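These are the residues of each chain, in order.
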Amino acid sequence: MGSLEPLIEKALSGDKRAIARLITLVENDEEKAREIIRRIYPHTGKAYVVGITGPPGSGKSTLLDKLIKLARNEGHRVGVIAIDPTSPFTGGALLGDRLRMQRHSTDPGVFIRSMATRGSLGGLAKATNDAIKILDASGYDLIFVETVGVGQVEVDIVKTADTVVLVTVPGLGDEVQAIKAGLMEVADIFAINKADREGVEMVYLELKMALEFEREKWKQLGWEPPIVETTAFTLKGVRPLWEAIKRHREYMESSGRLKERRTFRAREEVKTIIASTIAKKIEEMLARGEEGELIGEVVERKLDPYSAAQLVMETLKENLWG
Amino acid sequence: MVERSKVRVVIAKPGLDGHDRGAKVVARALKEAGYEVIYTGIRQTPEQIVETVIQEDASVLGISILSGAHMVLIPKIIKLLEERGIKPNEDIVIFAGGIIPPDDAEELKKIGVAEVFGPGTSLKTVIDFVDKAVENLKRFRA
Chain D
622 MGSLEPLIEK
632 ALSGDKRAIA
642 RLITLVENDE
652 EKAREIIRRI
662 YPHTGKAYVV
672 GITGPPGSGK
682 STLLDKLIKL
692 ARNEGHRVGV
702 IAIDPTSPFT
712 GGALLGDRLR
722 MQRHSTDPGV
732 FIRSMATRGS
742 LGGLAKATND
752 AIKILDASGY
762 DLIFVETVGV
772 GQVEVDIVKT
782 ADTVVLVTVP
792 GLGDEVQAIK
802 AGLMEVADIF
812 AINKADREGV
822 EMVYLELKMA
832 LEFEREKWKQ
842 LGWEPPIVET
852 TAFTLKGVRP
862 LWEAIKRHRE
872 YMESSGRLKE
882 RRTFRAREEV
892 KTIIASTIAK
902 KIEEMLARGE
912 EGELIGEVVE
922 RKLDPYSAAQ
932 LVMETLKENL
942 WG
Chain F
11 MVERSKVRVV
21 IAKPGLDGHD
31 RGAKVVARAL
41 KEAGYEVIYT
51 GIRQTPEQIV
61 ETVIQEDASV
71 LGISILSGAH
81 MVLIPKIIKL
91 LEERGIKPNE
101 DIVIFAGGII
111 PPDDAEELKK
121 IGVAEVFGPG
131 TSLKTVIDFV
141 DKAVENLKRF
151 RA
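If you're matching them up, the sequences are chains D and F in order.
Here my numbering is used: the first residue of the first sequence is 622, the next is one more, and so on.
Here my numbering is used: the first residue of the second sequence is 11, the next is one more, and so on.
No false leads were mixed into what you were given.
Simulated restraints on C-beta separations:
hint	chain 1	residue 1	chain 2	residue 2	range
1	D	868	F	145	47 to 55 Å
2	D	939	F	57	46 to 54 Å
3	F	93	D	626	23 to 31 Å
4	D	711	F	145	14 to 22 Å
5	D	662	F	146	29 to 37 Å
6	F	145	D	847	48 to 56 Å
7	D	868	F	138	49 to 57 Å
8	F	26	D	696	30 to 38 Å
9	D	843	F	100	54 to 62 Å
10	F	138	D	908	23 to 31 Å
Computed cross-link-like contacts, SDA-like style, restricted to lysine to any residue with a CA-CA straight-line distance of at most 20 Å:
hint	chain 1	residue 1	chain 2	residue 2
11	F	16	D	638
12	D	938	D	652
13	D	653	F	150
The set of hints was computed from the structure by calculation and includes no laboratory data.
Keep in mind that this is a model prediction, so the values were computed, not measured.
Note that CB positions come from ideal geometry on N, CA and C, so glycine has one too.
The task is simple: from the sequences and hints, build the whole structure.
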């Protein structure tokens, strides 16, 4: 592992190529991910993470393009992780979010990385967490994570952010139903994008009604999720969202809830690493040798699935992090 | 063969050329073949393209030009890549497509473009090329 040290040093000092290489390594290589994160972890903790999610076509990337500018104007160094789905059939992905933010590519204070979901078994969440840490340690103090909020994994990723923004647009029909279960409860800010279109009031009212159920909870916590209207053509049209994000951050910091959220995030991260490591190991095991034969026995009714699982788990204990 | 889903490809359109159907078709074909493809969109400067390659840690760069400016833009892109320590054929596979006359294609191959695909090239040809070409990159050699 000695060969990783120069790369890590370079990344910590801000070299973009090194940062990018580290992100690739944490995506692809379990062992190296461990070594890298152990090494850089003491340098993390400075970044504030904003999750941006919503249905496809809601304009998240265009919004982000403006948010990056607004954040840069206020002196932040901005990291962006834009997540798009991997095709379950081919294993490939077309990552097109970056397209809308491309003007920031040459800004030394911005780092944009596209990531594919890769048919996760907790793999994506782990890779995203690791990538966030690499950007954090390399000096990006504000990190946006953009996901399409349709899969549970994507929801799991954003809900560990410090501020969660849920983006929706008018005209989706049955507005609130279009929002994945679990996201309503998790969002800190709602943005109705493309607010120049018809149907904004309808979305607003539906969101307001859905939020009524959470009324008491918000009163207790001291933060009622605002519903802001945005149009992503101009900075001005996105400013209400930027201001809401800043207000939420102030609230999180002054109320002590940030510490709670980060504790939650740390717990989720450890769980994710455990789940991902085990899932990967099991897949390796079941694909080969003895353990693979067990599956044959299950099919032939010589062994029931629970007993087969038990046998695998007993072998797993010895094989985990060899 | 290198596992396709671990190979990241940037498809870029430099200059003022707005005809992106070809680029998108190739991008989609590579995705269908299992690669991870980042499409930059149109009107990219060489600097933007190089930054994208760097931040996305791409192993392959596909450049699409139909405007005739290839003998200015492609050498510029390669020069910038080399300045950032990225060597064609060692660190990155570069291919080009669009409207590039054969004489120019020969010149481009001398400075680091691995292959130039003209109109009518089958998608299978492009995919087979990428499959083979990435095997020679430093990072994928054992």
